[in-house]
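Asks: Using the sequences plus the hints, can you model the full thing?
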Amino acid sequence: MLAKLHLLSPFSFDSLRTRPLFVLGGLGLFLLFTSAMGIATGAVTVSPNQLIAILANSAGLDFPWTYDARQEAVVIAIRLPRILLGLLIGSGLALSGATMQGLFRNPLADPGLIGISSGAALAVTAWIVLGGPLLDRAGAFLSYTSLPLAAFIGSMIATLLVYRLSTQNGRTIVSTMLLAGIAVNALAGAGAGFFVLLATDDQLRDIVFWSLGSLGGATWRAVFTTVPFVGLAILALPRLARSLNALLLGEAEATHLGISIEQVKRVIVVMTALAVGASVAAAGSIGFVGLVVPHLLRLMVGPGHRLVLPGSALLGATILVGADTIARTIIAPAELPIGIVTASLGAPFFLWLLLRVRHPGESGLA
464 MLAKLHLLSP FSFDSLRTRP LFVLGGLGLF LLFTSAMGIA TGAVTVSPNQ
514 LIAILANSAG LDFPWTYDAR QEAVVIAIRL PRILLGLLIG SGLALSGATM
564 QGLFRNPLAD PGLIGISSGA ALAVTAWIVL GGPLLDRAGA FLSYTSLPLA
614 AFIGSMIATL LVYRLSTQNG RTIVSTMLLA GIAVNALAGA GAGFFVLLAT
664 DDQLRDIVFW SLGSLGGATW RAVFTTVPFV GLAILALPRL ARSLNALLLG
714 EAEATHLGIS IEQVKRVIVV MTALAVGASV AAAGSIGFVG LVVPHLLRLM
764 VGPGHRLVLP GSALLGATIL VGADTIARTI IAPAELPIGI VTASLGAPFF
814 LWLLLRVRHP GESGLA
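Under the working numbering, think of the first position of the sequence shown as 464, with each following residue one higher.
No lab work stands behind these hints: they were computed from the structure.
Don't take every hint at face value.
Distance ranges between label pairs, derived from CB positions [stated by the list, open to error]:
1. 491 x 652: 37 to 43 Å
2. 720 x 483: 21 to 27 Å
3. 729 x 795: 42 to 48 Å
4. 705 x 684: 36 to 42 Å
5. 616 x 683: 19 to 25 Å
Cβ coordinates follow ideal geometry from the N, Cα and C atoms, glycine included.
Replies: In structure tokens form, the structure reads like this:
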């Protein structure tokens with residue numbers, strides 16, 4: 464049914480599909496534009512010339528355009544790491560979502576199906592409630608890294624549990640993985656709810672803020688910590704495009720085409736867990752990016768993963784950077800959690816998509 468998605472748009476994407484490289488090039492340019500706007504926009508304004516000069520001079524080049532020290536500090540120390548972290552997280556979430564939809568052969572799938580986000584939420588909630596006294600006596604480094612570390616460990620444990628439950632005799636059953644993911648999500652949700660009941664008002668505020676997601680804590684340390692995990696997934700997952708295209712025909716047919724199905728499943732689960740786990744650890748829970756972005760790409764370029772995967776990475780990064788720019792400027796000097804912005808943008812589109820498929824003879828997306 465993935466092939467039907469390109470028929471859902473009221474616009475004509477046929478001409479774009481004949482020029483897929485044009486679409487990817489356009490997405491790349493749009494990403495550069497959105498990133499530049501995000502760096503230049505805020506309480507301290509930076510003109511395009513000043514932005515170029517700041518970045519060039521930081522790289523050791525000499526540009527004549529003038530800027531003051533405050534503008535340089537804001538760009539280099541605050542906005543640039545925030546934009547880079549948004550690029551990493553947006554591309555990682557969208558690419559993971561597209562890959563999971565291909566693995567499950569279900570356009571409603573997202574990385575949360577295998578328990579990554581719920582495992583992180585349980586670990587973070589437990590750590591906020593139970594780890595507070597420890598943090599009061601911990602050093603600055605431990606206090607800074609404890610929450611992301613808890614989120615990452617929780618996501619890895621949940622993913623490993625789902626994978627082990629769905630694997631028998633060296634064979635991973637996708638339908639069992641889906642059911643195991645539902646069970647683990649429910650169990651983690653119950654555990655998180657229990658810790659919420661034990662939380663104080665301040666702890667409850669921290670839990671809610673984390674669950675809505677934010678790039679407000681972005682630093683160069685967070686960027687360098689996230690790069691290895693998300694970067695590895697960005698490099699590895701697009702290489703599975705041919706295998707995912709074969710999986711659209713079914714596992715038996717893909718095996719006959721020479722695809723090592725079990726190896727593909729393992730790589731997808733591991734890379735998705737690393738990318739989403741690191742993203743959740745760095746910015747909290749951010750919804751709809753991994754679900755909606757692959758749909759947009761299929762509307763543009765069709766169901767083939769050779770274009771959907773890299774396109775999802777580009778568009779996911781663009782959307783998250785744009786959403787973060789909106790989140791930190793729309794009610795300035797206050798800041799909205801980015802999860803509110805992504806949900807506000809993603810939910811109406813998804814409802815529109817559901818309404819578009821309710822034609823006679825169609826029962827849904829999958």
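Asks: Now, for every hint given, state plainly whether the structure supports it.
Replies: Here's how the hints hold up against the structure:
1. 491 x 652: 37 to 43 Å: At 38 Å between Cβs, range holds.
2. 720 x 483: 21 to 27 Å: For residue 720 and residue 483 the Cβ distance comes to about 22 Å; the hint holds.
3. 729 x 795: 42 to 48 Å: holds (45 Å)
4. 705 x 684: 36 to 42 Å: For residue 705 and residue 684 the Cβ distance comes to about 37 Å; the hint holds.
5. 616 x 683: 19 to 25 Å: Given a distance of about 23 Å, which is inside 19 to 25 Å, the answer is holds.
Hint violations for this structure: none, all hints satisfied.
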